[in-house]
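Visitor: Following the hints, complete the assembly by docking chain Y onto the known chain U.
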Amino acid sequence: GAGVSQSPSNKVTEKGKDVELRCDPISGHTALYWYRQSLGQGLEFLIYFQGNSAPDKSGLPSDRFSAERTGGSVSTLTIQRTQQEDSAVYLCASSLGKRGNSPLHFGNGTRLTVT
Amino acid sequence: SQQGEEDPQALSIQEGENATMNCSYKTSINNLQWYRQNSGRGLVHLILIRSNEREKHSGRLRVTLDTSKKSSSLLITASRAADTASYFCFNNAGNMLTFGGGTRLMVKP
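Heads up: the protein sequence lines correspond to chains U and Y, in order.
Quick note on this note's numbering: the first sequence kicks off at 1101 and runs consecutively.
Quick note on this note's numbering: the second sequence kicks off at 11 and runs consecutively.
Chain U on its own, in the form it takes in the complex (with noise of 0.2 angstroms):
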């Protein structure tokens, strides 16, 4: 079957200027999940959802990041005014179990490059 869709795959953009980044998770996953990964690093948490729980924000790294996810299902991550430091790989996953209890599955990430 389908696994977690995202887009675009890379994206350039000038500093300043906002971001969309899309997710689509595995039809029936209740668990939706945000990364990012700086090259060479490790994954940063950045926000988790569950059904129609409000979101576990505690990852976000400024208000200039926000993500919502509507009817359950696509999640969009919104980067506003993009500064050098948000390039990255932003990685999103999706889980039939609650909050880590259930593995994972990712999708292939959007690479993300501020000029």
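In short, the hints are calculated from the structure, not lab data.
Because the structure is a prediction, the values reported are computed rather than measured.
Quick reminder that beta carbons are idealized off the backbone N, C-alpha and C, glycines included.
A portion of the hints provided could be inaccurate.
Stated by the list, open to error - No more than 20 angstroms apart at the CA atoms, straight line, and that leaves these computed lysine to any residue pairs for SDA-like:
1. U:1198 / Y:38
2. Y:66 / Y:41
3. Y:80 / U:1201
4. U:1198 / Y:41
5. U:1157 / U:1170
6. Y:36 / U:1159
7. Y:118 / Y:20
8. Y:36 / U:1199
9. U:1198 / Y:79
10. U:1198 / Y:58
11. Y:79 / Y:60
12. Y:80 / Y:37
Unchecked claim - Label-pair ranges, simulated between beta-carbon atoms:
13. Y:66 / U:1155: 29 to 37 angstroms
14. U:1141 / Y:30: 20 to 28 angstroms
15. Y:28 / U:1114: 47 to 55 angstroms
16. U:1158 / Y:61: 19 to 27 angstroms
17. Y:119 / U:1152: 47 to 55 angstroms
18. U:1158 / Y:76: 22 to 30 angstroms
19. U:1140 / Y:85: 20 to 28 angstroms
20. Y:119 / U:1154: 49 to 57 angstroms
21. U:1158 / Y:63: 26 to 34 angstroms
22. Y:88 / U:1157: 37 to 45 angstroms
Guide: Here is chain Y on its own, set in the frame of chain U:
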């Protein structure tokens, strides 16, 4: 604070040798998971071990969990060049969703 730490950060071995990487965590866990990442893109799930399990196998992979030491290890036996990748542990301890810093494994043919 980071809930998962891995060592070594990098490991280089010859094809056919075994590779062992370790992961430590700081608070009680429900489960611990291992993932593999090729080329800096999406991670692939390898094994999930629950807190009441001590060892789990999947093909050439063996994972152990020592809750008294708050540590886990991933053993890859008879390594192949195709095993070259970064390996990450993940846990949901302390209501966090944390990946370790990863071990970069290189298997030389």
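Visitor: Each of the hints needs a verdict: does it hold here or not?
Guide: Quick rundown of the hints versus the structure:
1. U:1198 / Y:38: holds, 17 angstroms
2. Y:66 / Y:41: holds, 12 angstroms
3. Y:80 / U:1201: holds, 18 angstroms
4. U:1198 / Y:41: holds, 12 angstroms
5. U:1157 / U:1170: holds, 16 angstroms
6. Y:36 / U:1159: OK: residue 36 of chain Y and residue 1159 of chain U at ~19 angstroms, within 20 angstroms.
7. Y:118 / Y:20: OK: residue 118 of chain Y and residue 20 of chain Y at ~13 angstroms, within 20 angstroms.
8. Y:36 / U:1199: holds, 18 angstroms
9. U:1198 / Y:79: violated, 26 angstroms
10. U:1198 / Y:58: holds, 14 angstroms
11. Y:79 / Y:60: holds, 15 angstroms
12. Y:80 / Y:37: holds, 8 angstroms
13. Y:66 / U:1155: 29 to 37 angstroms: Between residue 66 of chain Y and residue 1155 of chain U, where Cβ atoms are some 31 angstroms apart, the hint holds.
14. U:1141 / Y:30: 20 to 28 angstroms: With Cβ atoms ~23 angstroms apart, the hint holds.
15. Y:28 / U:1114: 47 to 55 angstroms: holds, 48 angstroms
16. U:1158 / Y:61: 19 to 27 angstroms: holds, 23 angstroms
17. Y:119 / U:1152: 47 to 55 angstroms: holds, 51 angstroms
18. U:1158 / Y:76: 22 to 30 angstroms: With Cβ atoms ~29 angstroms apart, the hint holds.
19. U:1140 / Y:85: 20 to 28 angstroms: For residue 1140 of chain U and residue 85 of chain Y the Cβ distance comes to about 24 angstroms; the hint holds.
20. Y:119 / U:1154: 49 to 57 angstroms: holds, 50 angstroms
21. U:1158 / Y:63: 26 to 34 angstroms: holds, 29 angstroms
22. Y:88 / U:1157: 37 to 45 angstroms: Hint holds: Cβ distance 44 angstroms, inside 37 to 45 angstroms.
Hint 9 alone, counting from the list given before, is not met by this structure.
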